[in-house]
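Engineer: Sequence:
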Amino acid sequence: MAVLRIASRKGGGGRGLTTALALHRIIHSFATGPVSICGEVTVLHGGFLLASRLCHPKPLSELTKSDWSVVGKPILEALQEICTSYSSYPPQPNLWKKKAAVVLWSKILLSGVPSDQRWKNDAFFSVSNAIPEINRTVLFELFKAVNAPRLFAQLLLALPNPLCQKELQTFVEYVAKETSPADVVFFLDVWWEIMKHKGGEEDRLVLLFQNVTHQHVLESEELDQPPKRFKSGPSSLPENSAVPLVLPILTEGLKTIKDNLGPTRVKCYALANLVDVLSALVATECEAKALSPQAYLEKISSVVTLWSCDGENRYSNKDLDVKVKEAERSMSLLDMVKLSKQLVLSNLSFLLSLLKEWSSELQVFLNDPKQVCYESYRLLDCLASLRKRSGDCSLEDLEQARVMLDLGKVIADLLKKINPETWGKSAGGDLLASVAMVIIDKKMDRHKEVCSVFAKEKNWALSKEWVACLVKNKELFQDPELILKLLETVASLESSEESSRNQEEQTQLVKIILGCYTELSLPDKNKVIAGVLATWGRLGLSKLMVAFSERFQEELNVAFNQIIKSASGESFKKAILAVSRLVVLNPEGTIKKMSNLAIANLGTHQYLAEILCSFPALNFQEPRGQPDVSVNFLLECLKETVWDRLSSPKEKEQFLEFLVHLMQPSGTSPLLSPPEVIQSLIFPFLKSDSPRIELCLQILDKALKVPSEQSWIHTCHPFPLAFSLCKLLDGFCQYWHQPQDQERCSLETKDLVVTNLAQLCDILLVQKDSLSPQLWTQSVAWLHKKINVLDWTIGLRMKNIFGEHFKNEVPATLFEVCKLPEEEWTTRPLPNYGPGSGLLAWLETCCVSTALREQMLVLLMINVDNPEEVNLFSKGFLVALVQVLPWCSQSEWKRLVHVIKSLLEREILYVPYSLEYVQYLPLLNFRPFAYHLQLSVLLLRTFQFLCGSSGATWMPVEAWKHIGRLYCLSISDLLGSVKTIARGQWHSAEEKNVVRELSFVYIQMFCHVLHVAAMLPDQGTGEPLLLLSLEILSQYEMLYDLDESLGSALRKANEIHFLESIVENVTNKELRTMLLHKLHKL
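The sequence shown maps to residues 1 to 1082 in UniProt numbering.
These aren't lab readings, by the way, just hints derived from the structure by calculation. Any given hint could turn out to be false.
What the hints assert, rightly or not - Heads up, simulated BS3-like pairs for lysine-lysine below, C-alpha to C-alpha not over 27 Å straight-line:
#1 Lys417 to Lys299
#2 Lys543 to Lys565
#3 Lys97 to Lys177
#4 Lys318 to Lys196
#5 Lys687 to Lys799
#6 Lys448 to Lys356
#7 Lys979 to Lys1069
#8 Lys456 to Lys417
#9 Lys687 to Lys417
As the list claims (entries may be wrong) - Label pairs and their calculated CB-CB ranges:
#10 Leu1027 to Glu694: 22 to 28 Å
#11 Thr953 to Gln774: 49 to 55 Å
#12 Pro523 to Val957: 37 to 43 Å
#13 Ala491 to Gly603: 38 to 44 Å
#14 Ser648 to Val789: 37 to 43 Å
#15 Asn788 to Thr715: 41 to 47 Å
#16 Ser492 to Leu602: 43 to 49 Å
#17 His737 to Glu823: 34 to 40 Å
#18 Ser1061 to Glu694: 41 to 47 Å
#19 His56 to Val113: 37 to 43 Å
Ideal placement from N, C-alpha and C gives every residue a C-beta, glycine not left out.
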């Protein structure tokens, strides 16, 4: 209340009321909590009143520098009392220094504004109005007395740019008059603080001061502007820093007071400031590189060491975190803007002159080990930095370049004469670690980079302080690179003696690292997995230490039990989370577990493949013993796990689908590419004697069907691959002549080889343009040359590839039965195809593809009007069919059956129907079934030929089984066709005749099948045919029950008797019994 009474005495009752209202506002602004500050303001007011009395009769507004020693004492004592006051808890002495400085400076700046205007907008009005009028001497001396250069710089730079420059100019002029050593040091301190200043760190009080001063400047400018000028609000503050604008004022100030610098230590200080400015200016001319994190940390530690050893330094007795924070500020100097060339040149010349003038004095001081201090260290460091930057930078201005050259020589000469041992004091490893931990704990500038040093420094690891810092700041280490560095550090310590003594820290460290890893995003987790695989291979982290591998198997089983039970979209994220942990612990164990589950658990292969595809890092090239030799890690794991255990067709199907989903997932990017699959799972096993050849071909079929926009086929050697498939086909041409004990695939695999070869050729043609014409031509020529030694039909399968370069090469005898265009076809010398082999070559060509089959049917030359030619063709066709049938795959045989049907329908092929299994031919309409009866008879004649005395011994048992299966396939197709025709005619006018016709057809086919079965060698070759006869008899049984026509009883009895007589000749007793039992039921 003393303040209110004084104000009332000075300005009357109304003025006192005004002061009281404003004071309430400033108290609210100044409040740091629930405690009022009225007492502190009263003490400060009292100090100024006492100073005013001491200064009488001169007012404080006319105070000179020499008066301060007398007048300043009560002000300083009042401020001391406020700063040590316990009216607020905890005590905040620096805050009250700042409050006092803000009030005084704002009072000076706004002294020209009338009180009736100030009190409305000036938040500091009530307190500043209670203080007598003062000048800048009071302000500057007060700052100097309380040693607050940082506060001075902070408030100075909060001012609007023009006002900031003006105030600094005033300060420099003040220092230049009656300069004392304290003035010089304070001037250099302010300069250094300005260099270290960073915008954006202002507290609420500084921002309030900034708003008040900027508002004042805006209002002052408004008086000279048109009335409609827009008025910015208090928040419309300038974005550009005033720091680069005030530095020229400081350098000019240094020129003014250089003769008053005194001690060499102060000269080092001044030179360091000047060199820092010039170094920053040079950095704007060329791209300056920042210090590496390690060098940055070492430099801060060196500064901390110097401060700790230097009792004169103001940071000597500060806590480590304060020292580190301040040292870090000195490392992050301001960014400069380009100044005028004249100004830069002037400062360079000034520095050059100072170095020359003080060279001898500096050498003595800098070489004295007892004089090592922060100022000397900083000067040497700045000079070295400036020399390096100037050497790395090319300047366009010739005069500036000349001065820089001279300056570089002087600096180099000076540095050579300085003993390296006096540059500074080396920081110990323990201090380096402590400094790094402080930077991380306090999250100072570049703390993320320091985390990198912290994570990889092996000498610090596993200490209690190191682990504690990691635990406290684990969020900062949730980064893939940092996690990998931590893992490398752990790996390096695993073999050390100290590691065994820190098992508890190890376990804790493992939990922390895995915890950090768990919090990563999926892409970042993949980065860690990739790093782990590249560094420690397929065993992952379990290879590092026991803490990573213990309980892994238990976690693995529990996790996948839950995954398999809840394989759904809702649990997909949980599954990814669980697998991500397992994969980084042991990639090999996790993949093999998933591969086993994908094969063993029906329906889970797609879900597990989708999970695996979420980890593209698993597509890792695992190095092998030889240089530049690697294999796909994931595919190797698949081979090792399931390659030799696929026994059932269902398991093979699951494995193939699992592989397909890895190459073509539905919701994410593929984990495997077709070229990788082909390289790893196809090429090594694409041999006829490989036990997994059929599986390889199935995999190749899936890989070739994966759609892709890229020209990937050329990355997996397509022409050698095509040749390998051709060699496999060539092996099938000699299939039954190979030793029976030799490992080989079934003849049915031939269709799979043909399909793959056709797909490969189609893809090659589509991607042909991705190769240069020359390379394509060379590749095609190479393949053609290789295939020339193989069976001639294989060249026809490459017709689309060879078409533009080579004609189709066939036996000359094919030209005898076909009218082949010579621009596309040519002969090939083949000794095995002598006279009369034209139809054999023709049939073999028909087997190659559907397109060639149709072409051969069109080009066939037969004169149907010549009975003898048709008869000869029919006999020759049967002979050729006998030669081709044993080597046909199922698809090839179906093509030949189609050829037979076409020839029969066109009446080119003559197949007389014999009555060996019928006493008389019923007067029925057999025209719809003519083809079926003729084909059945033709096949019977074929087997009579095959099983005759001249050909019964030339084929092994497996060959007879094969042709038996082909025969069953044809008869089954005939049965299906008969049913289809019957359905179409069932409701026609001839309905009563359909049953009798079908019965006749079924009886004939039944007899033919049993006849063929009887001709086949023993050893189980005819069993499929006997089972087929049961199927035909079942069809006949259905018709038997449907036939209720008049006179059918006798006909049925005759048919049953006839069938029984045929069945009695079946040699298989068990089947004969079954057939007779079926007939007896009828």
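Engineer: Taking the hints in turn, state whether each one holds.
Structural biologist: Each hint, compared with the structure:
{"no.": "1", "hint": "Lys417 to Lys299", "result": "22 Å, holds"}
{"no.": "2", "hint": "Lys543 to Lys565", "result": "30 Å, violated"}
{"no.": "3", "hint": "Lys97 to Lys177", "result": "26 Å, holds"}
{"no.": "4", "hint": "Lys318 to Lys196", "result": "19 Å, holds"}
{"no.": "5", "hint": "Lys687 to Lys799", "result": "24 Å, holds"}
{"no.": "6", "hint": "Lys448 to Lys356", "result": "42 Å, violated"}
{"no.": "7", "hint": "Lys979 to Lys1069", "result": "30 Å, violated"}
{"no.": "8", "hint": "Lys456 to Lys417", "result": "37 Å, violated"}
{"no.": "9", "hint": "Lys687 to Lys417", "result": "78 Å, violated"}
{"no.": "10", "hint": "Leu1027 to Glu694: 22 to 28 Å", "result": "25 Å, holds"}
{"no.": "11", "hint": "Thr953 to Gln774: 49 to 55 Å", "result": "54 Å, holds"}
{"no.": "12", "hint": "Pro523 to Val957: 37 to 43 Å", "result": "60 Å, violated"}
{"no.": "13", "hint": "Ala491 to Gly603: 38 to 44 Å", "result": "40 Å, holds"}
{"no.": "14", "hint": "Ser648 to Val789: 37 to 43 Å", "result": "39 Å, holds"}
{"no.": "15", "hint": "Asn788 to Thr715: 41 to 47 Å", "result": "27 Å, violated"}
{"no.": "16", "hint": "Ser492 to Leu602: 43 to 49 Å", "result": "46 Å, holds"}
{"no.": "17", "hint": "His737 to Glu823: 34 to 40 Å", "result": "36 Å, holds"}
{"no.": "18", "hint": "Ser1061 to Glu694: 41 to 47 Å", "result": "44 Å, holds"}
{"no.": "19", "hint": "His56 to Val113: 37 to 43 Å", "result": "27 Å, violated"}
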